[in-house]
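Asker: Given chain A, work out where chain B should sit, using these hints.
If you read the protein sequences in the order shown, they are chains A and B.
Every letter in the first sequence is one number past the one before it in the numbering used here, and letter 41, counting from 1, is 41.
Every letter in the second sequence is one number past the one before it in the numbering used here, and letter 263, counting from 1, is 359.
Subject to a maximum C-alpha distance of 30 Å in a straight line, what follows is the list of computed DSS-like cross-link-like pairs (lysine-lysine):
hint, chain 1, residue 1, chain 2, residue 2
1, B, 191, B, 146
2, A, 86, B, 344
3, B, 158, B, 124
4, B, 312, B, 344
5, B, 312, B, 146
6, B, 406, A, 2
Calculated from the structure, these hints are not laboratory results.
Quantities reported herein were computed from a predicted structural model and do not represent experimental measurements.
If you want the building blocks of each chain, they are given just below.
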Amino acid sequence: MKIVPCPLNGPRNISEFAYGGEVELMPDPNTSSSEEWAEYIFFSDNPAGVVREWWCHSATSYWFIAERNTVTDEIVRTYPASELFKERVEFKKESE
Amino acid sequence: MPFGLLKYGLSKTYPAKHHFTPRKDLKKHYDVVIIGGGGHGAAIAYYLAKYHGITDIAILEKGYLGGGNTGRNTAVLRANYLTEEGVTFYRESLKLYRDLSNEFDYNIMWENRGQLTLATTDAAIGSFRWRAEVNKHLGVQSELIGRDEIRELVPLLNLGDGGRYPILGGLWHADGGTARHDAVVWGYAKGACERGVELHQLTEVTGLDVEHGRIKAVLTNRGTVQCGCAVQAVAGTSSLLAAMAGFKLPIHTYPLQAMVTQPYKPILDPLVSAPHVHVYIQQTSRGEFVIGGGSDPYPLYNTRSTLEMKESLCSAIQELFPFIGQMRLLRQWAGITDMTPDYSPIMGLSPVENYYLDAGWGTWGFKATPISGKTMAELIATGRVPDLIKPFGVDRFLRFEQVNEAGATAASH
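Only chain A is shown next, with the shape it has when bound in the complex (with noise of 0.2 Å):
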């Protein structure tokens, strides 16, 4: 099987692991208009390559960020995702 270096378990099998899409970097919820917002949601680069993606170790919780080849299914790297978000993002109520 396959195995995933997880930053914080080590080296487990892959079907521990769910997959969470491509890291994109979200429009800002409170200015951006709805088409952005659909573009940000639904389309992607979808590239043939290494791409940055979310991944989750299931039996943990446990979020982290993986550089993949899409093409020869090789994890390049893994890390947490503190390295790449390092503010949290406030979502602001409507009524205020």
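Answerer: What follows is chain B alone, placed relative to chain A:
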């Protein structure tokens, strides 16, 4: 006797028929360039030539005719979808399939076997009742049936009494069937080439020349071709071609693995699908059992196989038909599926004015081959989007008007 046959085969009195364009140089310009020589590409060319008198067409295929996902699907033909848009579209496709052999004068081996989807939960029964009513309303034969009727249709099926998945009922789709997938693309390509269309195999598109929102030329490994308009029908690499044209699509690309056993005597007539264990099966007219399931758990542009997926298919199919455990697998393969967020295709206009989309064919492309060809040809010839494919435009996602068919797949993904 063998010598007689050989003599007949080599005799000049009965020359072999050549159905497709012999290899020749690309012209400098074509009215229509079709990228992708699979079932859809060939069907678009065929209907353009047959109904619209457009024959200055080149089909560009990077490999060989029908060598992509046309030759990798599991040949399930059905129209028992959930939405009005989906059911109407696939219903028209099935109607065309019924007459194709006569129309081509070439046997596509269409067989009206019926298709059965199994339910093991009350929720599934509820959704089948809904699908059956939508289908009947739109003239498609679907009905909810019970265990006794299932036993009559498929006597060898394990109904799961006392087991993990007791079968409660099923959705019986009498219109369903199968056809030989290679023959479908060959038939379309033959009909197109006879009318003057050029098929260019081993011709890979390497770039698209788009200026001021219009496509001017298609760049290939055999030179540049100017074009009046172009259409992409490249299931499995839709996003990559769209990127050449300069836009994104709502697609993620996954492999779908399938396998087939050695041939056995005919014992299974309908096509049977079991969403609860993610598997479906049919016995081909050659006697082989074709077994397929859901797409892989994560995206990949690769037709490699995994033991996990094969294990899951094997255990699931033995749950339904325990005797299959005694059979031997003949071969296994994978296709590449362009999955859309709502499990419906992406057809019609694109952000580039004279560049048309026939994409997002996920796991439902083969059954839609005839109607996609017919409607796309109408669009290219008239410039108007036919009503049947209006709901499938790529811009539906910008308006949040998805056509949700996720519940009507043969093996939920």
